[in-house]
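Start counting the sequence shown at 9; every next residue gets the next number (our numbering).
Derived from the structure by calculation, the hints contain no laboratory data.
Every residue gets a Cβ at the ideal spot worked out from N, C-alpha and C, and that includes glycine.
You may find that some hints are simply not true.
[To be verified] DSS-like mimics (lysine-lysine), calculated; alpha carbons at most 30 Å apart, straight line:
1. K41 to K15
2. K42 to K16
3. K41 to K16
[To be verified] If you anchor each label on the Cβ, the simulated ranges turn out as follows:
4. V85 to G40: 27 to 33 Å
5. N80 to L32: 28 to 34 Å
6. E25 to E55: 15 to 21 Å
7. E25 to R73: 27 to 33 Å
8. Q75 to R54: 15 to 21 Å
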Amino acid sequence: MVDENKKKEIAVIGNDEFTLGFELVGIQESYGKKNYREDIKELINREDLGIVIAEETDIEELPGRLQNQVQNSVDPVVVALSEDAEDENLQEQIRQVIGADIT
9 MVDENKKKEI AVIGNDEFTL GFELVGIQES YGKKNYREDI KELINREDLG
59 IVIAEETDIE ELPGRLQNQV QNSVDPVVVA LSEDAEDENL QEQIRQVIGA
109 DIT
């Protein structure tokens, strides 16, 4: 049985195209790129999140120290997905992260 008090949420951050599929499968915590640095800092410090999904290219564009904090975050874990990956591989990565096929 899952303890509701320990249940953690999933958040996604990125451009509209990236976040849309996650929103369609029920991820309610969605953040755009307008305030990316501030939002990603806030997300990796939230205790109610278990997973933060972000685009790998966005993480690579962060300043060094913040990039390291994001890449080394454990709770929540930051899952960096790459658009450069083959479509099937990207779909599989997403399915593994959220447990649903968004295509």
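The hints, checked one at a time:
A threshold of 30 Å between alpha carbons decides the hint, and for K41 with K15 the separation of about 27 Å falls inside it, so the pair holds. Between K42 and K16 the CA atoms are separated by roughly 25 Å; this keeps the pair inside 30 Å, and the hint holds. The hinted pair formed by K41 and K16 meets the criterion: a straight-line CA distance of about 23 Å does not exceed 30 Å. Taking 27 to 33 Å as the suggested C-beta distance range, the pair V85 and G40 does not conform, at roughly 21 Å.
Judged by the Cβ atoms, the range 28 to 34 Å given for N80 and L32 holds: they are separated by roughly 30 Å. Checked against the hint of 15 to 21 Å, the C-beta distance between E25 and E55 comes to roughly 29 Å, which is inconsistent with it. At about 28 Å, the beta-carbon gap between E25 and R73 stays in the expected band of 27 to 33 Å. At about 18 Å, the beta-carbon gap between Q75 and R54 stays in the expected band of 15 to 21 Å.
Checked against the numbered hints listed earlier, the structure breaks hints 4 and 6; every other hint is satisfied.
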